[in-house]
Amino acid sequence: MRRLRISVDHTKCVGLTMCVNTARATFVLDESGKSSVSNPQGDTEEKIMEAAENCPVSAITIEDAETGERRFP
Amino acid sequence: MPIHDNLSAPDVIADPYPYFHQLRAEDPVHWNPLWGGWILTRHDDVQASFQDRRLSADRMSPFMAGLKKEEARELQPSYQIFSKWMVFTDPPQHTRLRMLVNKAFTPRRVESLRPRIQAIVDELLDRVIPAGRMELIHDFAYLLPVTVIAELLGVPARDHENIKKWSDEITLFIFGAIGVPDRRQRAQLAMLELANYLKAVIAERRQQSQDDLISALIAAQEQDDALTDDEIVSTCALVLFGGHETTTNLISSSVHALLKNPEQRHKLAENPSLISTAVEEFLRYDGPSKSMVRLALEDFELRGKQIKKGQRLLLIQSAANHDPERFADPDGLDITRQPNPHVAFGYGIHFCLGAPLARVETAITINTILQRLPKLRFAADTLEWHPTIVSRALKALPVAFS
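Line by line, the protein sequences are chains A and B. Numbering-wise (the working numbering), the first sequence opens with residue 1 and increments by one. Numbering-wise (the working numbering), the second sequence opens with residue 1 and increments by one.
So that you can see chain A by itself, here it is in the shape it has in the complex:
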């Protein structure tokens, strides 16, 4: 599996936890009540992409860690 670089924009995140519920081993709700990446390889790529897609405020960005290619959005 290719390695992914995942980031969560905290100015957009509203702590809905849609990503945490979709990819529980990748995202975690931190002390500030916002989503953070706990392990960028915690879930399958499919699950991680679904988590990004499910975010209602488009706070999640995914890139290929090696090539830097944008995967989402």
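Derived by calculation from the structure, the hints in this document are not laboratory data. Just so you know, even glycine gets a beta-carbon here, dropped at the ideal spot from N, CA and C. Fair warning: there could be bad hints in the mix.
Derived pair list, reagent style DSS-like, types lysine-lysine, alpha-carbon separation capped at 30 Å [said to hold, decoys possible]:
#1 B:103 - A:12
#2 B:103 - A:47
#3 A:12 - B:260
Coverage of chain A stretches by chain B, computed from C-beta distances (three or more under 8 Å per stretch; other residues unrestricted) [as the list claims (entries may be wrong)]:
#4 12 to 23
#5 49 to 57
The calculated label-pair distances, taken between Cβ atoms and stated as ranges, are [unchecked claim]:
#6 B:260 - A:40: 54 to 62 Å
#7 B:108 - A:10: 16 to 24 Å
#8 A:40 - B:311: 39 to 47 Å
#9 A:68 - B:267: 32 to 40 Å
#10 B:119 - A:68: 32 to 40 Å
#11 A:10 - B:228: 46 to 54 Å
#12 A:40 - B:382: 34 to 42 Å
#13 A:44 - B:382: 41 to 49 Å
Here the structure of chain A is known, so what remains is to put chain B in place on it, guided by the hints.
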């Protein structure tokens, strides 16, 4: 001036912001004996409370428990539907429903509706332009969201009139219309009619599925048995209801805000690409959801006040959105404001499901109106708002544009 506790006083309904400023400055966690609960007005407190697991969104169960026996029995049929609305549930029930329905409202799905929304907006404006005037709410702001949400859900266009009628009746109960006798009974009747209607549409989709939300919910049910029949009906009713009252109010308050601020209106008309930050500012400046109710699940302390288990709290989003500690010039409209961390859609797990859709509908509407109706102006001297505590809703907005 001492703090008064009448949340429905005529001046508070007409312009709630001075009253909220006083509360926030003098007693930000205020016990209101008249309403019977705590009133929260600071941005940090409101935002944190939306995420506080010591607070519950289930205000239906205690409401029913507080009724007299006969009335509780009488309202049981509609309670069965209302109590399954995800806005009134906590995890894990809430998580299950939200995960399923959320897929229909992702920003990408909503973006794909853009051409259709633009077509409906243009069609509605075509109808009123010859007259040179309209009542913006009745002639436009009611019709756009109900058409969009009904199409997304998959209910036929010929039934939109009935859906609007049922929804108006349900509003009497949900938004706590004051002084309407039998409002609970009327809301129940409307809810049961809506549920019967939805059951028939669901039965049709079971025979022949389409590319709509009802079919998607049925497919989810058949796949992992994730939903009961009652939950499908209840969720469809929530989506229909939630999908239009609030968006109607957001559209009318956005137009109202621009009419009151000609400089900002000019700026947006000249630069339509400012619409994204402009919509966020309309939400912050005078958003449709004034407040949300939560219930304490345990005793705890907040700003030195003792909150007791079972007490209710009113999280005032409109007050949070005008908090001078969070927003510079909070009572001014600035369509370029950034960042704009308003809580008009709530925060945390109950963050508005339809937010992406409301944003797109409002953005298309406002830019199209500014472009097609450049002479838009008020056609009434005074405006009135519905006297409710939880929503900010104009009764009518007459405008002229010839």
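Hint check:
1. B:103 - A:12: 19 Å, holds
2. B:103 - A:47: 14 Å, holds
3. A:12 - B:260: At roughly 29 Å apart (the allowed maximum being 30 Å), residue 260 of chain B and residue 12 of chain A satisfy the hint.
4. 12 to 23: holds (count 7)
5. 49 to 57: Three-residue rule met by the stretch 49 to 57 of chain A, so holds; n is 5.
6. B:260 - A:40: 54 to 62 Å: 48 Å, violated
7. B:108 - A:10: 16 to 24 Å: 22 Å, holds
8. A:40 - B:311: 39 to 47 Å: 43 Å, holds
9. A:68 - B:267: 32 to 40 Å: 37 Å, holds
10. B:119 - A:68: 32 to 40 Å: Once the Cβ atoms are compared, 39 Å apart, the range 32 to 40 Å for residue 68 of chain A and residue 119 of chain B holds.
11. A:10 - B:228: 46 to 54 Å: 37 Å, violated
12. A:40 - B:382: 34 to 42 Å: 57 Å, violated
13. A:44 - B:382: 41 to 49 Å: 59 Å, violated
Hint compliance for this structure: hints 6, 11, 12, 13 are broken, all remaining hints hold.
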